[in-house]
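Under the working numbering, the first residue of the sequence shown carries the number 134, and numbering increases by one thereafter.
In short, the hints are calculated from the structure, not lab data.
Treat the hints loosely; a few may be bogus.
List of simulated lysine-lysine pairs, BS3-like, C-alpha gap at most 25 angstroms [as the list claims (entries may be wrong)]:
id, residue 1, residue 2
1, K422, K449
2, K449, K511
3, K449, K357
4, K470, K381
5, K494, K511
6, K357, K470
7, K511, K485
8, K256, K309
9, K376, K437
These numbers were taken from a predicted model, which means no experiment stands behind them.
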Amino acid sequence: MVVRYIMVVVIAAITMLGYQVGFDYHIPGILIAVTIAFIFNLVSSFLYTNFNYPRWWPYAGIFLDMIIITFIVHFTGGVESVFLILYLLQIVGTNVHFSRLAGPLNLIFGATLFIAMIALEQKGILPHYSSNIVPYGLYQNLKFIFLASLTLVVFMGISAYRSGYVVHSLQTVEEKFFKLNEELIRTNKAMSENNRRLRELDQMKTEFISVASHQMRTPLSAIKWIIKMIMDGDLGPLSQEQKDLLAKGYQSNERMIALINDLLNVSRIEEGRFQYRMMRMSIEDVIDKVLEEMRSDIRSKHIKLRYGRPSTPLSKVSIDPQKIHLVLQNLIDNSLKYTPSGGRVEIGLNQKNDELIFSIKDNGVGIPSSQRDKIFSKFFRADNVVRMQTEGSGLGLFIVKNIIEAHQGRVWFESKEGLGCTFCFSLPFEKHLAKVPTVQKFEQFIQKI
Numbered sequence: 134m135v136v137r138y139i140m141v142v143v144i145a146a147i148t149m150l151g152y153q154v155g156f157d158y159h160i161p162g163i164l165i166a167v168t169i170a171f172i173f174n175l176v177s178s179f180l181y182t183n184f185n186y187p188r189w190w191p192y193a194g195i196f197l198d199m200i201i202i203t204f205i206v207h208f209t210g211g212v213e214s215v216f217l218i219l220y221l222l223q224i225v226g227t228n229v230h231f232s233r234l235a236g237p238l239n240l241i242f243g244a245t246l247f248i249a250m251i252a253l254e255q256k257g258i259l260p261h262y263s264s265n266i267v268p269y270g271l272y273q274n275l276k277f278i279f280l281a282s283l284t285l286v287v288f289m290g291i292s293a294y295r296s297g298y299v300v301h302s303l304q305t306v307e308e309k310f311f312k313l314n315e316e317l318i319r320t321n322k323a324m325s326e327n328n329r330r331l332r333e334l335d336q337m338k339t340e341f342i343s344v345a346s347h348q349m350r351t352p353l354s355a356i357k358w359i360i361k362m363i364m365d366g367d368l369g370p371l372s373q374e375q376k377d378l379l380a381k382g383y384q385s386n387e388r389m390i391a392l393i394n395d396l397l398n399v400s401r402i403e404e405g406r407f408q409y410r411m412m413r414m415s416i417e418d419v420i421d422k423v424l425e426e427m428r429s430d431i432r433s434k435h436i437k438l439r440y441g442r443p444s445t446p447l448s449k450v451s452i453d454p455q456k457i458h459l460v461l462q463n464l465i466d467n468s469l470k471y472t473p474s475g476g477r478v479e480i481g482l483n484q485k486n487d488e489l490i491f492s493i494k495d496n497g498v499g500i501p502s503s504q505r506d507k508i509f510s511k512f513f514r515a516d517n518v519v520r521m522q523t524e525g526s527g528l529g530l531f532i533v534k535n536i537i538e539a540h541q542g543r544v545w546f547e548s549k550e551g552l553g554c555t556f557c558f559s560l561p562f563e564k565h566l567a568k569v570p571t572v573q574k575f576e577q578f579i580q581k582i
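The task is simple: from the sequences and hints, build the whole structure.
If you want it as structure tokens, here you go:
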């Protein structure tokens with residue numbers, strides 16, 4: 134309906150302009166034709182707004198349009214009219230907006246009206262309104278009439294076919310897109326359901342690890358203290374061979390407890406229960422404590438460890454000392470495990486801009502370049518360290534990364550396989566660091582009191 138309003142305005146404007154420049158149009162007849170189209174549009178709008186008009190009403194509109202076009206052509210010169218192109222536009226519009234049958238029917242109807250009009254003008258039954266631009270009497274020239282009629286009808290047919298073909302092709306593409314969209318919707322629903330199930334399985338796995346770890350840690354702790362009591366001679370003297378066997382059992386039990394602790398830490402991280410108790414302190418104190426605890430491991434592997442302690446004390450940072458202790462323990466332990474006996478480990482600590490930078494460098498086995506992007510993943514261990522060191526959970530660096538990021542710091546590394554690694558992390562000096570849960574803040578408040 135909007136298109137019909139536009140065409141009414143355009144035709145009226147062009148007609149008046151042509152009349153002003155010398156075309157002898159029959160203005161009253163043209164105004165009557167466009168008024169009929171305008172009134173039909175108003176009635177259609179009223180019916181569409183207030184009633185459910187019959188299905189044949191739009192089809193009546195396209196045939197009425199063809200009649201109105203014929204009247205406009207008649208009143209602007211008949212076969213000489215500049216408005217002959219309106220027939221082609223009407224055919225194309227019919228094919229686009231209506232069924233495939235409507236286009237050919239409108240073609241036949243329009244061609245019949247045009248041929249009947251020019252035949253009646255040629256016979257003198259209908260008056261001919263000459264445009265006074267082309268030679269007078271052209272409308273009576275049978276050769277011209279035949280050629281003009283044939284040309285218009287042929288192009289009307291071509292327009293009907295081409296526009297119908299294009300519309301049909303677009304409809305076919307639209308149907309394919311619609312089917313593809315439905316398939317994508319079904320696939321998306323299936324993937325959403327699969328993701329939901331995976332999340333449930335992951336949650337069940339996390340809960341199982343948490344429960345199993347808790348259940349295993351209690352008997353392992355009991356075994357630890359029993360072995361310790363026996364080794365200390367609380368149950369009687371032991372031979373050297375017995376002490377050696379108990380020491381091996383004790384070390385294996387310690388490794389099991391460390392693994393259980395790692396599993397519990399990962400479980401707490403994933404469930405958001407890895408709580409932090411932040412305090413402002415010097416990280417150097419934590420480093421000294423970790424190095425003291427690991428002194429025997431350093432000596433047993435004959436590692437040359439160099440700690441580049443800053444010449445002046447660094448600013449204090451806001452950290453959870455237990456969590457940072459765990460970070461340092463993991464990083465130093467990795468350097469010791471994967472550096473051959475007699476190797477070098479260098480620890481650095483400095484202040485750069487608003488950050489504290491910790492680094493640990495070794496000349497160990499390094500990390501393969503193809504596996505660097507997985508190094509902070511859960512349960513991942515590089516191929517070269519698996520071959521040389523069968524023990525290990527692959528959880529240490531995952532825990533390190535989560536702890537440092539919870540402190541709003543960064544962790545990164547540089548490595549070349551066979552030449553060693555350098556792991557670094559940074560901690561900001563600003564006070565607005567890790568967000569401490571309300572429960573922890575309350576606990577800290579009670580501790581201060």
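Each hint, compared with the structure:
1. Proposed proximity of K422 and K449 is supported: the alpha carbons are some 16 angstroms apart, at most 25 angstroms.
2. Between K449 and K511 the alpha-carbon distance is near 31 angstroms, which puts this suggested pair outside the 25 angstroms criterion.
3. For the given pair, K449 sits about 37 angstroms from K357 by alpha-carbon distance, which is inconsistent with the 25 angstroms threshold.
4. With a C-alpha separation of about 18 angstroms, the suggested pairing of K470 with K381 holds against the 25 angstroms cut-off.
5. Restraint check for K494 and K511: satisfied, since their Cα atoms lie roughly 23 angstroms apart, inside the 25 angstroms limit.
6. Proximity of K357 to K470 is assessed by CA-CA distance (about 23 angstroms); at most 25 angstroms being required, the pair is judged to hold.
7. For the proposed pair K511 and K485, the alpha carbon gap of about 30 angstroms is over 25 angstroms, so the pair is violated.
8. The hinted pair formed by K256 and K309 fails the criterion: a straight-line CA distance of about 54 angstroms is larger than 25 angstroms.
9. Taking the CA atoms of K376 and K437, the gap is near 29 angstroms; set against the 25 angstroms cutoff, the hint is violated.
In the structure shown, a violation is registered for the earlier hints numbered 2, 3, 7, 8, 9, in ascending order.
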